[in-house]
Amino acid sequence: MKTLNEIKMGFSANRLLIIIILFIMLGFCLLSFSQGRMDAEPFVFGSIVSALFIVVYLLMLAMFKEFDRPLFLTTIFLLGLGLLIQFRMSPKNAKSQLFMLGIGVVLMFLCMGTVKFNSSMRKLTIPIIIGSLAIMAALLVIGKESGGAKNWIIIGGRSFQPSEFVKIATAFVLAHYLDTRTKLLKLIVPLSFAIIIVFLLVVEKDLGAAMLIALTCLIMYFAATGNLGVTLAGLGMGALGAILSYRFFDHVKLRVEVWQNPWITYDSSGYQIVQGLMAIASGGLFGSGLGLGSAKVIPAYHTDYIFAVICEEFGIIAGVLLIAFYVVFIIRGLIIALNARNRFLMLFALGCTTLITLQSFIIIGGVIKLIPLTGITLPFISFGGSSMIASMISFGFLQGIAADSKKYRAEAEGST
Amino acid sequence: MEQAYTIAATIMRYVFVILMAYILIRLVIISIREWNTHRFWEKQLGQKVFVQLDIIEPPSKRGTIYEIGHKTTVGRGRTCDIQLKSRSIALKHAVFFKKDTMYISAYEPERFQIFVNDSPIGRQDARLLDEDIIKIGRVSFRISINKDDDIIDEDLFDDNEFLEYGAEEIDEDIE
Chain A
1 MKTLNEIKMG
11 FSANRLLIII
21 ILFIMLGFCL
31 LSFSQGRMDA
41 EPFVFGSIVS
51 ALFIVVYLLM
61 LAMFKEFDRP
71 LFLTTIFLLG
81 LGLLIQFRMS
91 PKNAKSQLFM
101 LGIGVVLMFL
111 CMGTVKFNSS
121 MRKLTIPIII
131 GSLAIMAALL
141 VIGKESGGAK
151 NWIIIGGRSF
161 QPSEFVKIAT
171 AFVLAHYLDT
181 RTKLLKLIVP
191 LSFAIIIVFL
201 LVVEKDLGAA
211 MLIALTCLIM
221 YFAATGNLGV
231 TLAGLGMGAL
241 GAILSYRFFD
251 HVKLRVEVWQ
261 NPWITYDSSG
271 YQIVQGLMAI
281 ASGGLFGSGL
291 GLGSAKVIPA
301 YHTDYIFAVI
311 CEEFGIIAGV
321 LLIAFYVVFI
331 IRGLIIALNA
341 RNRFLMLFAL
351 GCTTLITLQS
361 FIIIGGVIKL
371 IPLTGITLPF
381 ISFGGSSMIA
391 SMISFGFLQG
401 IAADSKKYRA
411 EAEGST
Chain B
1 MEQAYTIAAT
11 IMRYVFVILM
21 AYILIRLVII
31 SIREWNTHRF
41 WEKQLGQKVF
51 VQLDIIEPPS
61 KRGTIYEIGH
71 KTTVGRGRTC
81 DIQLKSRSIA
91 LKHAVFFKKD
101 TMYISAYEPE
111 RFQIFVNDSP
121 IGRQDARLLD
131 EDIIKIGRVS
141 FRISINKDDD
151 IIDEDLFDDN
161 EFLEYGAEEI
171 DEDIE
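Top line first, the protein sequences correspond to chains A and B.
Residue 1 is where the first sequence starts when you use the working numbering, and the numbers rise one by one after that.
Residue 1 is where the second sequence starts when you use the working numbering, and the numbers rise one by one after that.
Some hints could be false.
Stated by the list, open to error - Some but not every residue of chain B turned toward chain A, in silico, with C-beta under 8 Å:
{"hint": "1", "residue": "Tyr5"}
{"hint": "2", "residue": "Ala8"}
{"hint": "3", "residue": "Thr10"}
{"hint": "4", "residue": "Arg13"}
{"hint": "5", "residue": "Val15"}
{"hint": "6", "residue": "Ala21"}
{"hint": "7", "residue": "Tyr22"}
{"hint": "8", "residue": "Val28"}
{"hint": "9", "residue": "Glu34"}
{"hint": "10", "residue": "Asp81"}
{"hint": "11", "residue": "Gln83"}
{"hint": "12", "residue": "Lys92"}
{"hint": "13", "residue": "Phe115"}
{"hint": "14", "residue": "Val116"}
{"hint": "15", "residue": "Pro120"}
Claimed, not checked - Taking CB as the label site, the calculated pair distances span:
{"hint": "16", "chain 1": "A", "residue 1": "Trp259", "chain 2": "B", "residue 2": "Lys71", "range": "31 to 39 Å"}
{"hint": "17", "chain 1": "A", "residue 1": "Val189", "chain 2": "B", "residue 2": "Gln113", "range": "42 to 50 Å"}
{"hint": "18", "chain 1": "B", "residue 1": "Gln113", "chain 2": "A", "residue 2": "Phe249", "range": "55 to 63 Å"}
{"hint": "19", "chain 1": "B", "residue 1": "Arg111", "chain 2": "A", "residue 2": "Lys123", "range": "14 to 22 Å"}
{"hint": "20", "chain 1": "B", "residue 1": "Pro120", "chain 2": "A", "residue 2": "Gly365", "range": "31 to 39 Å"}
{"hint": "21", "chain 1": "A", "residue 1": "Trp259", "chain 2": "B", "residue 2": "Arg123", "range": "56 to 64 Å"}
{"hint": "22", "chain 1": "A", "residue 1": "Asn14", "chain 2": "B", "residue 2": "Glu131", "range": "30 to 38 Å"}
{"hint": "23", "chain 1": "B", "residue 1": "Lys71", "chain 2": "A", "residue 2": "Met278", "range": "39 to 47 Å"}
{"hint": "24", "chain 1": "A", "residue 1": "Glu145", "chain 2": "B", "residue 2": "Lys71", "range": "35 to 43 Å"}
{"hint": "25", "chain 1": "A", "residue 1": "Trp263", "chain 2": "B", "residue 2": "Lys71", "range": "51 to 59 Å"}
{"hint": "26", "chain 1": "A", "residue 1": "Val106", "chain 2": "B", "residue 2": "Lys71", "range": "47 to 55 Å"}
{"hint": "27", "chain 1": "A", "residue 1": "Val230", "chain 2": "B", "residue 2": "Ser88", "range": "28 to 36 Å"}
{"hint": "28", "chain 1": "B", "residue 1": "Tyr14", "chain 2": "A", "residue 2": "Thr114", "range": "38 to 46 Å"}
Claimed, not checked - Each computed BS3-like pair below joins lysine-lysine, with the alpha-carbon atoms no more than 27 Å apart:
{"hint": "29", "chain 1": "B", "residue 1": "Lys85", "chain 2": "A", "residue 2": "Lys65"}
{"hint": "30", "chain 1": "B", "residue 1": "Lys71", "chain 2": "A", "residue 2": "Lys407"}
{"hint": "31", "chain 1": "A", "residue 1": "Lys65", "chain 2": "B", "residue 2": "Lys71"}
{"hint": "32", "chain 1": "A", "residue 1": "Lys123", "chain 2": "A", "residue 2": "Lys205"}
{"hint": "33", "chain 1": "B", "residue 1": "Lys99", "chain 2": "A", "residue 2": "Lys183"}
{"hint": "34", "chain 1": "A", "residue 1": "Lys123", "chain 2": "B", "residue 2": "Lys71"}
These are computed hints drawn from the structure, not numbers from a lab.
Predicted, not measured: the structure shown is a model, and the values here were computed from it.
Even for Gly, the Cβ is constructed at its ideal location relative to N, Cα and C.
Go ahead and model the full structure; you've got the sequences and the hints to work with.
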């Protein structure tokens with residue numbers, strides 16, 4: 001039996017999806033005239049994106065009708081905005097991104113379906129640990145360097161970033177062990193695993209991912225055990241690690257110095273930060289207009305600095321609203337974690353939510369010069385196949401856990 | 001055409017911001033509605049059955065009362081809702097859950113058995129009735145299932161014997 005609220009919610013979700021599709025199509029229709037003549041390509045691309053979102057929504061309703069609608073709509077909006085802005089900057093990148101999104105959608109459905117087999121999945125913990133360590137160690141030998149970090153692998157002409165998937169693996173491993181263990185000595189396996197992964201990432205100069213995994217581990221540990229002392233000790237060790245990195249790694253020193261005052265070296269190492277800040281400022285409150293900005297002067301405008309591009313073209317208000325969307329994502333993720341059917345799923349949901357949350361705030365913080373810049377992507381929006389697929393996998397697990405817990409509750413309600 | 005596009009893009013920037021704000025507000029409203037629905041069902045389930053467990057064995061722990069929720073785990077581990085520190089109890093030993101009435105299930109029935117009225121429940125979910133005696137390890141409970149909140153004797157809670165969630169030491173030699 002549905003309550004009136006639940007029926008209203010269903011209609012609201014459908015209407016909101018239509019509004020989101022309208023937003024996306026308006027953007028692509030506008031881009032169709034951006035070259036001074038009618039160009040069908042943006043319109044066709046926008047139609048494909050909209051059709052994909054509608055199909056995914058209908059499939060979710062058919063296969064997992066208890067999925068979390070607010071989280072789904074939030075993610076759809078972020079994906080739509082990301083594809084719109086990527087197409088604006090480079091249609092070729094947008095098409096590649098759409099292809100990776102397609103793969104991500106398939107994996108999302110797979111992950112949703114595997115949640116109900118979570119107790120069987122947990123038997124794969126040791127292979128996951130071994131596989132993650134092996135791939136991260138292999139990067140030291142066969143990894144390709146890009147953007148200062150040696151964390152890319154080329155497979156079939158495409159480059160992948162294994163650290164994106166190792167993050168999810170770390171959350172999974174920690175959730176498995178923290179389910180039944182709270183004492184530090186009994187957590188020696190997962191903590192050692194996390195420390196080794198962080199160490200390998202630091203050696204490969206992927207400091208953003210290292211920080212992300214370290215913070216996620218600390219948050220999951222604190223949520224599971226409530227042990228403030230050990231958590232603070234972990235934070236302290238992380239801070240010490242950051243200080244040592246500053247002392248011994250030149251690129252870290254350079255990043256911190258540039259962050260402190262980019263204006264001194266605005267035509268060299270500070271160029272990216274300065275251009276990003278100027279792009280945000282030049283957009284004003286409502287932006288320069290879609291297609292009217294000049295964000296291509298910013299290095300890595302399609303990955304790290306996509307937030308600056310959005311602020312320039314859509315405005316600072318849109319930038320703040322974008323942050324609010326990520327806040328909604330966090331809140332929905334935490335609610336899903338709290339309502340999870342068992343402790344393992346609760347911790348895993350927390351881990352997935354924390355990864356996406358921290359990632360978004362770390363990169364936004366770097367772009368607005370709140371913290372030193374790290375080379376991580378804005379989830380669902382930045383260009384990057386590995387990032388897109390990993391984000392969709394996390395999203396899939398979150399939706400799977402949400403659907404599983406609602407189904408369990410529905411069964412209980414049905415028998416009352 | 002380019003001038004027309006500039007004008008259109010300039011106008012549309014306000015439309016985009018308004019649409020973003022609208023979508024965000026609607027998302028928050030949907031979330032609040034869902035939260036209210038969740039609380040409604042929690043209240044419905046809670047009102048149906050009020051359950052408590054009284055420890056009857058060992059004698060030193062008689063009088064200790066636990067309230068059982070929609071789903072309550074029992075075990076030696078810190079992660080359990082009812083933590084009983086006894087070597088005879090598994091880290092995660094049992095789970096009480098509400099459906100039409102109260103049920104109990106064992107996590108590891110082969111190694112750590114649960115008895116209801118002296119009968120082992122094995123792998124099944126055992127249905128519980130009012131005044132049933134449940135034995136988990138060396139601890140025995142009597143379950144009280146009341147359909148009406150008013151039946152509960154409020155004086156039971158005056159001496160602070162009531163423990164909603166907490167660690168109860170059964171064996172003196174365990175940490």
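To see whether the hints hold, each was checked on the structure:
1. A distance limit of 8 Å between C-beta atoms decides the matter here; for Tyr5(B) the minimum to chain A is near 5 Å, and the interface restraint holds.
2. Interface restraint check for Ala8(B): the shortest CB-CB distance to chain A comes to about 6 Å, inside 8 Å, so the restraint holds.
3. Because the beta carbon of Thr10(B) sits about 5 Å from the nearest beta carbon in chain A, less than 8 Å, this interface hint is met.
4. The criterion of a C-beta within 8 Å of any C-beta in chain A is met by Arg13(B), whose closest approach is roughly 5 Å, and the hint holds.
5. With a cut of 8 Å, the hint placing Val15(B) at the interface with chain A holds, because the nearest CB-to-CB distance is about 7 Å.
6. Interface restraint check: Ala21(B) against chain A, minimum CB-CB distance 6 Å, threshold 8 Å, status holds.
7. At a threshold of 8 Å, the smallest CB-CB gap from Tyr22(B) to chain A is about 7 Å, leaving the interface hint in force.
8. Restraint check, Val28(B) versus chain A: the minimum CB separation of about 7 Å is within 8 Å; hint holds.
9. Restraint check, Glu34(B) versus chain A: the minimum CB separation of about 6 Å is within 8 Å; hint holds.
10. Of the supplied interface hints, the one on Asp81(B) is violated, with its beta-carbon coming no nearer than about 10 Å to a beta-carbon of chain A, more than 8 Å.
11. A hinted interface residue such as Gln83(B) counts as satisfied when its beta carbon comes closer than 8 Å to some beta carbon of chain A; here the least separation is about 11 Å, so the hint is violated.
12. Below 8 Å, beta-carbon pairs count as interface contacts, and Lys92(B) has one with chain A at about 7 Å; its hint therefore holds.
13. Evaluation of the Phe115(B) hint against chain A yields a violated restraint, the C-beta minimum of about 24 Å exceeding 8 Å.
14. The beta carbon of Val116(B) is not positioned within 8 Å of any beta carbon in chain A (closest approach about 20 Å), and the interface hint is therefore violated.
15. The criterion of a C-beta within 8 Å of any C-beta in chain A is not met by Pro120(B), whose closest approach is roughly 23 Å, and the hint is violated.
16. Under the hint 31 to 39 Å, the C-beta atoms of Trp259(A) and Lys71(B), about 48 Å apart, miss the expected range.
17. With their beta carbons about 30 Å apart, Val189(A) and Gln113(B) fall outside the hinted range of 42 to 50 Å.
18. For the hinted restraint 55 to 63 Å between Gln113(B) and Phe249(A), the CB-CB distance of approximately 57 Å keeps it satisfied.
19. The hinted range of 14 to 22 Å is satisfied by Arg111(B) and Lys123(A), whose Cβ atoms lie roughly 18 Å apart.
20. Between Pro120(B) and Gly365(A) the beta carbons are some 57 Å apart, a value that contradicts the proposed interval 31 to 39 Å.
21. Between Trp259(A) and Arg123(B) the Cβ separation comes to about 59 Å, which falls inside the hinted range of 56 to 64 Å.
22. Taken as a hint, the range 30 to 38 Å is violated for the pair Asn14(A) and Glu131(B), whose Cβ atoms sit roughly 50 Å apart.
23. Between Lys71(B) and Met278(A), the C-beta spacing of about 55 Å breaks the proposed range 39 to 47 Å.
24. About 50 Å separates the C-beta atoms of Glu145(A) and Lys71(B), a value inconsistent with the hinted range of 35 to 43 Å.
25. A hinted range of 51 to 59 Å for the beta carbons of Trp263(A) and Lys71(B) is consistent with their spacing of about 58 Å.
26. Distance hint check: the CB atoms of Val106(A) and Lys71(B) are about 33 Å apart, inconsistent with the given range 47 to 55 Å.
27. Between Val230(A) and Ser88(B) the CB atoms are about 30 Å apart, so this pair conforms to the stated range of 28 to 36 Å.
28. The supplied range of 38 to 46 Å is met by Tyr14(B) and Thr114(A), whose beta-carbon atoms lie about 44 Å from each other.
29. A threshold of 27 Å between alpha carbons decides the hint, and for Lys85(B) with Lys65(A) the separation of about 41 Å lies outside it, so the pair is violated.
30. Between Lys71(B) and Lys407(A), the direct Cα distance comes to roughly 15 Å. Compliance with the 27 Å bound is thereby established for this hinted pair.
31. A C-alpha spacing of about 23 Å is found between Lys65(A) and Lys71(B), which places the hinted pair at or below 27 Å, so the restraint holds.
32. Between Lys123(A) and Lys205(A), the direct Cα distance comes to roughly 32 Å. Violation of the 27 Å bound is thereby established for this hinted pair.
33. A C-alpha spacing of about 34 Å is found between Lys99(B) and Lys183(A), which places the hinted pair above 27 Å, so the restraint is violated.
34. Pair hint Lys123(A) plus Lys71(B) holds up; C-alpha atoms about 25 Å apart against a cutoff of 27 Å.
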